[in-house]
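Visitor: Chains as they are written, first to last, in our numbering: chain A, 1 to 475; chain B, 1 to 485; chain C, 1 to 92.
No wet-lab data here; the hints were simulated from the structure.
We put the beta carbon where it would ideally sit given N, CA and C, even for glycine.
Possibly wrong hints are sitting among the right ones.
Claimed, not checked - Not everything, but these chain A residues come out facing chain B in the computed CB check (under 10 angstroms):
#, residue
1, Gly48
2, Pro54
3, Leu277
4, Phe363
What the hints assert, rightly or not - Covered stretches of chain B, going by a simulated chain A footprint (3 or more residues, C-beta under 8 angstroms):
#, region
5, 84–92
6, 97–104
7, 226–234
8, 271–277
9, 303–317
10, 322–328
11, 382–394
As the list claims (entries may be wrong) - Computed list of lysine-lysine pairs in DSS-like fashion (alpha-carbon distance at most 25 angstroms, straight line):
#, chain 1, residue 1, chain 2, residue 2
12, B, Lys34, B, Lys90
13, C, Lys66, B, Lys390
14, A, Lys425, A, Lys444
15, A, Lys131, C, Lys76
16, B, Lys371, C, Lys76
17, C, Lys76, B, Lys81
18, B, Lys272, B, Lys477
The lines below spell out each chain.
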Amino acid sequence: MGCQTVKYELVAGFETHIELATKTKIFCGCTTQFGGEPNTHCCPVCIGLPGTLPKLNRQAVRYAIMAGLATHGEIAEESKMDRKNYCYPDLSKAYQISQLYAPLCIGGYVELSNGRKIRLHHIHIEEDAGKLIHQHGDTYVDYNRGGVPLIEIVSEPDIRSIDEAREYVEKLQQVMRYIGISDCKMQEGSMRCDVNISVRPVGSEKLGTRTEIKNMNSINNIAKAMEYEFERQVDLLENGEKVTQETLRYDDATNTTSPMRSKEDAHDYRYFRDPDLVTINISREEVEEIRESLPELPADKCKRYIDELGLPEKDAQLLTKYRKISEYFDEACKGVKSAKTVANFIIGQMFSRTETEADKEIFDVAVTPAQLNELVKLIDSGKIRNNLAKSTLEKMLDTGKGALDFISESDMGGLDENTMAELCKQAVESNPKAVEDYKNGKEKAIKALVGNVMKNSRGKADAVAAEAKIKELIG
Amino acid sequence: MGTISKIHEMLTTKQCSCTELTKSYLEEIEKANKELNAYVNVTGDEALNTAKAVDKKIAEGKEIGLLEGVPMTLKDNLSTKNIETTCCSKILTGYKPIYDATVWEILKSQNAVMLGKTNMDEFAMGSSCETSYFGGAMNPFDTSRVSGGSSGGVASAVGGNIAAYGLGSDTGGSIRQPASFCGIVGLKPTYGSVSRYGLVAYASSLDQIGPITKSVEDASIVFDAIAQYDEKDSTSKGNVGGETYSKLNNDIKGMKIGIAKEYLDGVRDDVKEAVLNAAEVYKSMGAEIVYFDLPELKFALPVYYIIACAEASSNLGRYDGIRYGYKTEHYNGTHDMICRTRSEGFGDEVKRRILLGTYVLSAGYYDAYYKKAQNLRGTIVKAFNNAFEKCDVILAPTVPMTAFEKGHAVSDPVETYLTDICTVPVNIAGLPGISIPCGFNANGMPIGMQLIGQSFKESVILNAAYKYQQAAGENFKDTKWGVKL
Amino acid sequence: MVTREDVENIALLSKLFVPEEELDSLTQSMQEIIDFADTINNAPVSGETFDNINNLSNVFREDEVKQSYSSEEILKNAPEQAENHFLVRNRE
Numbered sequence: 001m002g003c004q005t006v007k008y009e010l011v012a013g014f015e016t017h018i019e020l021a022t023k024t025k026i027f028c029g030c031t032t033q034f035g036g037e038p039n040t041h042c043c044p045v046c047i048g049l050p051g052t053l054p055k056l057n058r059q060a061v062r063y064a065i066m067a068g069l070a071t072h073g074e075i076a077e078e079s080k081m082d083r084k085n086y087c088y089p090d091l092s093k094a095y096q097i098s099q100l101y102a103p104l105c106i107g108g109y110v111e112l113s114n115g116r117k118i119r120l121h122h123i124h125i126e127e128d129a130g131k132l133i134h135q136h137g138d139t140y141v142d143y144n145r146g147g148v149p150l151i152e153i154v155s156e157p158d159i160r161s162i163d164e165a166r167e168y169v170e171k172l173q174q175v176m177r178y179i180g181i182s183d184c185k186m187q188e189g190s191m192r193c194d195v196n197i198s199v200r201p202v203g204s205e206k207l208g209t210r211t212e213i214k215n216m217n218s219i220n221n222i223a224k225a226m227e228y229e230f231e232r233q234v235d236l237l238e239n240g241e242k243v244t245q246e247t248l249r250y251d252d253a254t255n256t257t258s259p260m261r262s263k264e265d266a267h268d269y270r271y272f273r274d275p276d277l278v279t280i281n282i283s284r285e286e287v288e289e290i291r292e293s294l295p296e297l298p299a300d301k302c303k304r305y306i307d308e309l310g311l312p313e314k315d316a317q318l319l320t321k322y323r324k325i326s327e328y329f330d331e332a333c334k335g336v337k338s339a340k341t342v343a344n345f346i347i348g349q350m351f352s353r354t355e356t357e358a359d360k361e362i363f364d365v366a367v368t369p370a371q372l373n374e375l376v377k378l379i380d381s382g383k384i385r386n387n388l389a390k391s392t393l394e395k396m397l398d399t400g401k402g403a404l405d406f407i408s409e410s411d412m413g414g415l416d417e418n419t420m421a422e423l424c425k426q427a428v429e430s431n432p433k434a435v436e437d438y439k440n441g442k443e444k445a446i447k448a449l450v451g452n453v454m455k456n457s458r459g460k461a462d463a464v465a466a467e468a469k470i471k472e473l474i475g
Numbered sequence: 001m002g003t004i005s006k007i008h009e010m011l012t013t014k015q016c017s018c019t020e021l022t023k024s025y026l027e028e029i030e031k032a033n034k035e036l037n038a039y040v041n042v043t044g045d046e047a048l049n050t051a052k053a054v055d056k057k058i059a060e061g062k063e064i065g066l067l068e069g070v071p072m073t074l075k076d077n078l079s080t081k082n083i084e085t086t087c088c089s090k091i092l093t094g095y096k097p098i099y100d101a102t103v104w105e106i107l108k109s110q111n112a113v114m115l116g117k118t119n120m121d122e123f124a125m126g127s128s129c130e131t132s133y134f135g136g137a138m139n140p141f142d143t144s145r146v147s148g149g150s151s152g153g154v155a156s157a158v159g160g161n162i163a164a165y166g167l168g169s170d171t172g173g174s175i176r177q178p179a180s181f182c183g184i185v186g187l188k189p190t191y192g193s194v195s196r197y198g199l200v201a202y203a204s205s206l207d208q209i210g211p212i213t214k215s216v217e218d219a220s221i222v223f224d225a226i227a228q229y230d231e232k233d234s235t236s237k238g239n240v241g242g243e244t245y246s247k248l249n250n251d252i253k254g255m256k257i258g259i260a261k262e263y264l265d266g267v268r269d270d271v272k273e274a275v276l277n278a279a280e281v282y283k284s285m286g287a288e289i290v291y292f293d294l295p296e297l298k299f300a301l302p303v304y305y306i307i308a309c310a311e312a313s314s315n316l317g318r319y320d321g322i323r324y325g326y327k328t329e330h331y332n333g334t335h336d337m338i339c340r341t342r343s344e345g346f347g348d349e350v351k352r353r354i355l356l357g358t359y360v361l362s363a364g365y366y367d368a369y370y371k372k373a374q375n376l377r378g379t380i381v382k383a384f385n386n387a388f389e390k391c392d393v394i395l396a397p398t399v400p401m402t403a404f405e406k407g408h409a410v411s412d413p414v415e416t417y418l419t420d421i422c423t424v425p426v427n428i429a430g431l432p433g434i435s436i437p438c439g440f441n442a443n444g445m446p447i448g449m450q451l452i453g454q455s456f457k458e459s460v461i462l463n464a465a466y467k468y469q470q471a472a473g474e475n476f477k478d479t480k481w482g483v484k485l
Numbered sequence: 001m002v003t004r005e006d007v008e009n010i011a012l013l014s015k016l017f018v019p020e021e022e023l024d025s026l027t028q029s030m031q032e033i034i035d036f037a038d039t040i041n042n043a044p045v046s047g048e049t050f051d052n053i054n055n056l057s058n059v060f061r062e063d064e065v066k067q068s069y070s071s072e073e074i075l076k077n078a079p080e081q082a083e084n085h086f087l088v089r090n091r092e
């Protein structure tokens, strides 16, 4: 999906809310655990009882700084908390403590695979609201989630296609999970996106009037909503009408967007400095200390796999998508001759056992990186062939046992040339049909002959060498 | 005079039991409150339970603290667990907090005997106590006159001898002004010295809890008890200046007492005279009187109203009928319910300040009002810093007038705001200020004077106040009400 | 200049109803207060800034879980509740 008609181009920016993985809420000691009976993760502070005061969670600030550094932003030396005033039942104080005038992180970018950098305006910290359930016109309020720390990552309107939008969200998700500050589960609401979208004639530099689609909670919905909204705006312009600046909600059942706010939700947030909280000063030493503590980021890892390990880009991307896998790979690669062999085992055999993305993210496989490392080193030293390694790995994955539990001494050491020649000769002699087929141009027939050699050598033969020898024999 | 030390002495020398004492206070409340309307909620059972515990301790020969067993009261904007806390607003009727304000936690742990919660202007917005949903508290010197505000109930109770002392809150003068009107002592501590946790917020950057007492010594005792660092309040610093009680009665020879002429502008003659007489008293004690200008003060009042109302508009957004307090009966949808609840639950003055606060923060006006006011706040802070290079303490009237007749305050909001002119600068600059009685006018109404000190120098102003009382007398008159000790 | 529309707008933001018959007098009274507030704009512009009273910074709490309150306590003061939730019942 390009979302670029001949005449119009899509322009989008994202406001991405990410719940931080702190143990406690941003301003009180209540747990941030997902779920729980309604209103059981609450205290006087997070339900906004009169007279209560907030106290900022140090870890929330640290996590936000990590997010800023991981997206190449600047950490403000002086940062402040503001109140965003709006009265809604899910907001226990009728204001959300957030940051407007002096956010924690400024600038930064997310680089896409096409080389484009999506610039970030800033990242700020704020508190989440509670949950409303509407039933038969009644409104039920649960404040368990009220006060859970969030970062809001505000991008510039740099996104030009739905593919870019997808990748932007995936990249953010990936990097935030890497640095361990959030699980970024869109289905549980720990990552939500507001999408600002406008269209403009191709070639124009001027931004069109934008609409904002609120609270998107899956990448597929983001794509569908953007596509719908792009077409809707283009239609309006084509018919000589104007786009109204408004906030929209997306309905995935009908795949349409519709205006969200009525007059009663007049929005003028009257931001001002929260007098209950003090200034946040982050020293340059602290920034460097946090920078040092960050793990190698996926983009850097991916580049290293390609440049230093010689992996194909596709492999490098697959291996760096989740932190667990890349760490597994790094560990299994230690001291091996061919990183590609390790990559092949992981991407080929292990991925077929971790089919879903969720499984890949957890990457819970029976074989430890050290066991895989041992197996690959057996190949490196010429003690076993690839084929034997492959079948051994399957057994290892089934049982969690090490390679040496399945490979005997006699399996190691490969085949000497005479035995190989003898086995090849036997294969040719006992399979005249296959030889005939091959001679008649059926290239594939040779595979049957090689298979025969492999079988009789109990996997110890080198398939490539066997094929060459057979071809030589057949002439 | 039923001061803390007097009561402490009576208890430790077994002149009376704590239970007897508490009972007599409760009986006098029963009689006096009909006219004073100082208490909005009397907590007799709880008071007697604590009294019993204190008596037991005394009977066991255990030592008791200075505040132990002393009957006192809390302004109704201090959160008290399981005891209704209304801020004297309809919107909080029936609200029984599930936690204690830090100051109450401290005093409770010292076995303070709380007689009940006292009257105040609704959400502390007012200067006469008349915006209270329960009707105003009256002046014990003349019940046709107001007690002052917003901590009018505490002042009325302490002045009327139906509490030995009380805690109030001071956002723009709400401790000092009623103390002045009722002829007693009120201390507004430095911002940050007393935890605000559990004080129902009016204007968070200005609010501060402090004692209203019969004597300077009592103010010092209570301040020392409640001025503690509190991890629950991010703006808490605790008693940085150190305890004050042991520093009372230090010699003030050579102390520089500053008088800024702006503080005397528009002040009634009787008040001005009393304050200038006090200056003479200080001079006679060897203090030096320094005169200077503080022109920045003329902006203090509008700056105060802009900042206070802005913060209030935000702080009071939470009263929506969902989690606690009053909720309207009939409505059509959530938005309608919230608007009706708020419109029915808040009084006119509170609504006026919410609207003003919303206005000065709204798009297009923020820069001209709120931002400018914050900028001027910085200017006023600096002006005080400069002034304190010339003097140690600033002497000023507490209020430009004495207690006025009831009904006088409500007619013109702007004129009423002017009664706060001498008290708000201290809140803007976060400084400590104390009001002590310095005489009576021709009608027999008390006049208060104010001593303002540098941040966390409570001991300096308490000492100066104490020395004044030693030299000039306490200017204290027992009213006809309450417990005679 | 405070207009009726201004007052209507800020009343909406403040979630307060102003009865039609009070709108004019309230506008008038708001105008007076705003005129009073406007006196600050006669003050000379100074470079002073104000952050917080005692210039405090970096006051944090550690990320340690504290026992939450029971939902009974949390809901104790709720005018209406159901199934452990605060409730705004539809009265239409």
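Visitor: So, for every hint listed, does it hold in this structure?
Guide: Evaluation of the provided hints:
1. Gly48: With Cβ-Cβ at 5 angstroms, under 10 angstroms, it holds.
2. Pro54: holds, 7 angstroms
3. Leu277: Holds. Min distance 5 angstroms.
4. Phe363: With a minimum Cβ separation of about 41 angstroms from chain B (threshold 10 angstroms), the hint on phenylalanine 363(A) is violated.
5. 84–92: Per the Cβ count (3), the hint holds.
6. 97–104: It holds: at least three residues are needed, and the region 97–104 of chain B offers 4 whose Cβ sits within less than 8 angstroms of chain A.
7. 226–234: holds (count 4)
8. 271–277: violated (count 0)
9. 303–317: With 5 residues in contact (Cβ-Cβ under 8 angstroms with chain A), the coverage given for the region 303–317 of chain B holds.
10. 322–328: Per the Cβ count (3), the hint holds.
11. 382–394: That given contact is violated, which follows from only 0 residues of the region 382–394 of chain B lying within Cβ reach (below 8 angstroms) of chain A.
12. Lys34(B) with Lys90(B): With a Cα-Cα distance of about 20 angstroms, the restraint between lysine 34(B) and lysine 90(B) holds, given a limit of 25 angstroms.
13. Lys66(C) with Lys390(B): violated, 49 angstroms
14. Lys425(A) with Lys444(A): Within the cut-off at roughly 18 angstroms; holds.
15. Lys131(A) with Lys76(C): Judged against 25 angstroms, a Cα distance of about 19 angstroms means the pair holds.
16. Lys371(B) with Lys76(C): violated, 40 angstroms
17. Lys76(C) with Lys81(B): holds, 12 angstroms
18. Lys272(B) with Lys477(B): Judged against 25 angstroms, a Cα distance of about 21 angstroms means the pair holds.
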